[in-house]
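**Student:** Residue numbers (this note's numbering), protein chains in the order written: chain A, 1 to 222; chain U, 223 to 595.
Hint data in this document are derived by calculation from the structure and do not stem from the laboratory.
A virtual CB, placed ideally from N, CA and C, is assigned to each residue, including glycine.
Treat the hints with caution; some may be incorrect.
To be verified - Now the stretches of chain U that chain A is said to cover, found in silico as 3 or more residues with beta-carbon under 8 Å:
1. 228 to 236
2. 504 to 515
3. 580 to 593
Stated by the list, open to error - Among chain A residues calculated to face chain U with C-beta under 8 Å, some are:
4. Gln52
5. Arg82
6. Leu96
7. Pro108
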Amino acid sequence: MSDEPILRVQNLTKKYDEGRIQALRGVDLQIPQGEFLTISGPSGSGKSTLLQLLGGLDEPSSGEVFYRGANLAGAFDLDAYRSRRVGFIFQAFHLLPALRVPDNVQIPMLEGPLSARERSRRAEALLEEVGMTHRTRQYPNQLSAGERQRVAIARSLANDPEILLGDEPTGNLDSENSARIMALLSGIQSRRSLTIVLVTHEAEVARMGHRNVHMLDGRVVG
Amino acid sequence: MALVRIALINISRRRLRTSLTVCGIAVGIAAFVALVGFSKSFEREWLKLYQSGGTDLAVVQKTFLNTSVDERVGDRIRALAAVAEASPVVVNLMDLTPDVNALVFGLPEDSFEMAPLRILEGRKFRGEEAEAMLGEVLAGNLGKKAGDMMEIQGAHFRVVGVFRGGSALETGGVMMPIGQLQNLAEMQGKVTAFHVRLRPAPSGQSEEEYLRQARAAIEAAEPGLKAVPAGERAHNNQLVSLARSIAWGTSLIALLAGALGIANTMAMAVFERTREIGILRALGWRRWRVILLIELEAAALGSIGGMVGLIGGWGALRGLASLPMTANIGDASISWPHAGQALAMAIAIGLAAGALPAWRAARLSPVEALRHE
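Same shape as in the complex, but just chain U (with noise of 0.2 Å):
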């Protein structure tokens, strides 16, 4: 008869309790799950996007809520001798109708970033007519094909292709002459960022020399531009960092309503079974081994809790990511690491819930305990 058993058992004493406090710990969980996976899915894809169009730096402004960068640094940054291409870049999200949103990706008809796309249907845009192409999710959530045409905020657009990107930020999106972006924007001049590719680093030079080099050379170059590589630039944009925020500050307000659950059961219990605990004692459990059955109770909650919400939060996630309204701008996988970090929390919330209780029960005068009623 191990420890760990007669914690199972305690807990398994009490089941409509035991079931809502795991409810209450699950709800936080799969809270992080969906939410926290999602903008990790989210973060996943700008690097996709980055990687399959080959983008090393992403070049903003150096301000915390990097705006927009003026469209003619462009000659100069392509004037530097390690970069190949800059293409400059105009990202958006838009209500494309009341419940389908996407981001627009306004780029010049040339850049480097429209050679990997693969046109499924029609054709690129060209120069700067008014025509969308749409990814290939999108433009089935739409019903659009090639040479339909489609409102954007106000302004009408041709289809004039249908395509499938390297991430699902392009495949759920649309793009478009930067121009007509800049004119629905209102960001005439104005750039979202310049992605820029390098030419190969010189032999004998490692890459990540070279990157930071050619990082050092553009920021002299343009004193109010800040150059990102693009596994940073995907982790830190504002989107990113917005989805982030947001998953995070609301998966941990679940999570402490949960933790304030299983404080509350292990305070109820270690007061319900004062006598018991009397008589371990008397028996001659150390306060270590009273303080470890109550934390193990606690943490058996954590993780039931944890792994009830691992499946929930798998669920919402999938919920989650065929919205509409979400753009198609995550897939529903949950990696293992994130999977591992949930029940971690959920084990460490359940210790974290359980100490106070587990302190007040090892501190039980045997004599004391064994005479409450």
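With the rest of the complex left out, here is chain A (with noise of 0.2 Å):
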């Protein structure tokens, strides 16, 4: 294996606003294949703005970052990035109000090549991994908020990706509830030998990840 980490980043700056804001300040951070890692800080730290360039949900203002060595800005397609390499989950979970459970898990698969039976089984499969083969013909308004968030955890691991990015997934949940999500997350980090991101500002989830980088001011400060 290439001791290349799945993601690199260098220097990062985010600034918003003309100039105003500056959200990050210079971060590097390195991210070994495989490592469940928690980003914590407080609000305006700068860690969901992280998060979106690891995911290459947005571009960095200066900075690079690297997956697998090559840089998101020009070696990539940053929507086959999202689509095949990444899977998203958010403290909102985000799911789509008028489609059932299963349909909310397939949504990102419609960017493959699988066929409607191998879309749907594969949707029943990743339901039955998050443990809500029960809740099928429900909508996400019909669902308590450890079950949407369950659901959007199986529609990150729609494609199959090697990396799960998290903002606040536990944000919106009760202890319990954050609990059993963290529980399934280090499952399913360890089943598939993912690589986790989560961004947090809860200390308990903080310390439930290998490793645990602390953001301030828009810098990792440790």
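Two chains, two frames, a set of hints: combine them into the complex.
**Tutor:** Okay, structure coming up:
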């Protein structure tokens, strides 16, 4: 296996509002393949911005993000990167309210080559992996918050990504559901050898990764 | 789960708005189906009129409005080698009662166009007497039979016969001596056109070439006139052109209103679903797939509106064709090509109206869209 980390960021900055807001101020970070990394820090510390840049949702103002040694800015079709390499989970779940649970899980698969039957089979398997096979007729608004996040996790795995990025995935959950979701993510990480990068402001969640980096004012401070 | 299904689910989320949008486009399509259908039907009936009478060419003024032709040119046209017969005809749309209009045809008693008419009751008119023959549908509408008197534009006529013609224009119309109609229409010495029947083409010469030569001969003999093939005349005569222009003009205005309705609906949908579009982009959907989804929704609105409009338009066409005011000048049938054209137009309008909202949706930054409240 190559020593090249799966993700590496180098002197990364991100400015908003014509430079008046500087969300990231020269971040350097390496994330080896298979690591469960948590990024903690207070609101406004730049952790979500860093996650967005790692996921190809946005582009840096300066600096680079490397995936397996290749610069995301030049070498990659970011749509394909988000579709094939990365899975996202969000604090607000971001499920599509008009679609039933299995249809939500299949949404990312529409960018892939799978037939309708294969998509359906895969969605069923993913829902089984997250323990949601009993809720397949429901719409998102008929699910509890914990159940919604399970469906969102199943959706993030739809195209069998190498990296799972979570932006405060337990932020809208009570402590019991938080613990369940973290246990689920740990299980998925070890079964699939996934690289997980999870942003959180909860100290307990931050401790559950293999490694934690702490951010403050747009910099990694520990 | 196909993209089409997601599109249909999305448009069913706002049922009232979708229904109103569908109604908007349906009104436009219904207007198109009914009005343009009526004008096409009108055109078909003109063609049948020429075909049943055996007319090959119509000789009319070269001017854009095709006004009237001096009736003295008839002899010169008849003298041409290719011409077997040239019958003068005057055509006018007249009010017979406050509610009933009809096309009135003025012909000589011995016109070749009189021969195919089947007399159901009474007889044909004779000479230049104040006599009229009624098409069977018109006779039914007016409650007239052979022997009755009727008034047309202040003049009294005896109904001498009821006939069946080859075209709805005839069965819903009046035939009278040409001189009588010239007096009524104040066209003394003038006719609307000469209808020409040609001699058979000489062996070895194609019909097309023969027709072309005959036209050239007539136009050379009468430089102010043009000889138009029957099919072309059916398509381009003033009444058909007027009906077609009104039909297209009215339909296009209604279709434009429908298109704006779809554009508004899709713009609203994109605005309301900004965050959802951001989610799709975050999950790796390409811009073109977002465009495709929005365009599918717009096309679905267009096609549902098109189908509703087809049904509504067919009903309106039936109503229009049965009105006494329209003088039974068209039938209520919709041809498959016309229905296909209406549906294709509805879908095209949907796609065009959805294009800008789709483009705007595709341009959304995933991060900005996810932040949208």
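**Student:** Evaluate each hint against the coordinates.
**Tutor:** Tested hints:
Counting residues of the stretch 228 to 236 of chain U whose CB falls under 8 Å from any CB of chain A gives 4; the rule of at least 3 is met. Closer than 8 Å: that is the beta-carbon criterion, and the stretch 504 to 515 of chain U has 7 residues meeting it against chain A, so the requirement of 3 holds. Three residues within the 8 Å Cβ limit are the bar, and the stretch 580 to 593 of chain U against chain A gives 4, so the coverage statement holds. A hinted interface residue such as Gln52 (chain A) counts as satisfied when its beta carbon comes closer than 8 Å to some beta carbon of chain U; here the least separation is about 6 Å, so the hint holds.
Interface hint at Arg82 (chain A): satisfied, since its Cβ lies 4 Å from the closest Cβ of chain U, which is below the 8 Å cut-off. Contact between Leu96 (chain A) and chain U, as hinted, is supported at the beta carbon level, the nearest pair being about 6 Å apart and thus within 8 Å. At a threshold of 8 Å, the smallest CB-CB gap from Pro108 (chain A) to chain U is about 4 Å, leaving the interface hint in force.
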